[in-house]
Amino acid sequence: MDIIFYIINTLVSILMVVVPLFLIVAYVTYSERKIIGFMQSRMGPTRVGPSGLLQPIADVLKLVSKEIIIPTNANKGIFLTAPMLMLVPSLLVWAVIPLSEFFIISNINAGLLFILALTSLSVYGVILAGWASNSKYAFLGSMRSAAQIIAYEIAMGFALVGVLMLSGSLNLQVIIQEQSGSILNWFWIPLFPLFLIYFIAGVAETNRAPFDVSEGESEIVAGFHVEYSGMAFAMFFLAEYMNLILISILSSIMFFGGWLSPFQGTFLDTYFSFIPGFVWLSLKTLIFIFIFLWLRATLPRYRYDQIMRLGWKVFLPITFFWLTVIGILIYLKYLPL
Amino acid sequence: MNIELTTFFIFSFLLIVTSIKVITSSNPVLSAIYLVFSFFLSAVLWLLLGAEFLSIILILVYVGAVMVLFLFVVMMLDINIAKKNAAYIKYLPVGIGVFVIFNVLIIFFFINTFENINYNAINSINVISESNTENLGYVLFTDYIVEFEIAGLILLLGILSAIVLTYRKNPNNKYQNPTEQIDVEKKDRLKIIKGLKE
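Chains A and B, in that order, are what the protein sequence lines are. Sequential numbering from 1 applies to the first sequence in the working numbering. Sequential numbering from 1 applies to the second sequence in the working numbering.
Simulated from the structure, these hints should not be mistaken for laboratory data.
If you anchor each label on the Cβ, the simulated ranges turn out as follows:
1) B:D143 x A:I275: 47 to 57 Å
2) A:Q40 x B:I145: 54 to 64 Å
3) B:D143 x A:G230: 49 to 59 Å
Remember, it's a predicted structure, so these values are computed and weren't measured experimentally. Beta carbons: idealized from backbone N, C-alpha and C, even for Gly.
Bound conformation, chain A alone (with noise of 0.2 Å):
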């Protein structure tokens, strides 16, 4: 008996994060066009409901009522279980995430590991596809970002190393809990460095603007999806912005406290208590979801060989250099705070 209240007590909270995820995901393409078109002195979508607000649920239906096309040269299997490669990963670690001091899917000791060894295995999505469309631009495209992912992926991990440096554990809420006191506890003061590196990183890592050369619509089409329609199409799109709210809310919860209150040690501390720890969580995510759009309207793509010399020649070795001077910082007991 007990193991099916276990089982279903897990489901329901599955679905607690994963229906209003899609619906996140949904309303962050929104937000995208709507930002970005005032960015640029447009509109955005205005036509579909109250100001565009339906646009997102009309682009579904379309998406979903769209053919697949299999190329025909294709290896069908490995063409339609690549979208799935992506997905699920980026799905998957949603199971570690702290969202507020109580609700967390599933609290294990190596949260922090889990994290990334899932997300090192989405390249296998974009390699696959690439691979399995029987395209040149596809296969171009794939080898652009597996070459891209691999580059960065070794910087992300570094920054978070400094994180586990600073907390001792691999647990998400104890990272969480050592920055409890005040703003000047969070660990983006002592790992400011360690912090851009794992953003920008970020941004790489899920191929968006600057970083989208896998992409990249005016050398290659579309990279490594161009051969997918509807439905597969849709995956790869959802599994993008799912990554990316991934970031946004990783980078909030190892640099800026998760779900602790920016008030925490000051007098507005009591004030503000009623706030619950998820609100914050979901602000500090907000932010840095509108970096993401920020940049992307923001800044040109970047030449390739600019994007390798970034990662293995700048970001590599001031990570290595900032974690030394961590360990001498640890060592001296000037930290942590």
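Since the structure of chain A is already known, use the hints to place chain B on it.
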């Protein structure tokens, strides 16, 4: 039968199936994908033993990095599958020979070692916490620090030798110097010409 045992049997059966698929599938890309699956399944087996650090590192390093590069290379190969089948019969005797020798060695190894295993060795390791990760880190950085450093040096040597073997200075290299490119000023690129009104 409890849940742990059931999970173990399901995953080890799948592991055997995928491992066989790695060597029998005709398409090299499919073989690589099956190898990825088998890494996953063995990670699950490690997880069942409570070794969460090793199992996640297996996925992170082998699946997330090594196999990606592997797939990269395998995809570039242009292998003719029909030709491969002809080679299969040609190399069959050698394969059987290797198979027999390897198995005989493994059996001898098992006969010799199972009698001499010191099962108490594991009890002499200091257990400092519940977490497998912390214990492993503690043991690696105290008792086995010399071995750990030697492993690091060997890996460094591997990186260096790979670079030395493959690096060739190409005289036609079109390398761009980024600092030079950034230092460009308006007057280097733009020339305003007066008096050409028409």
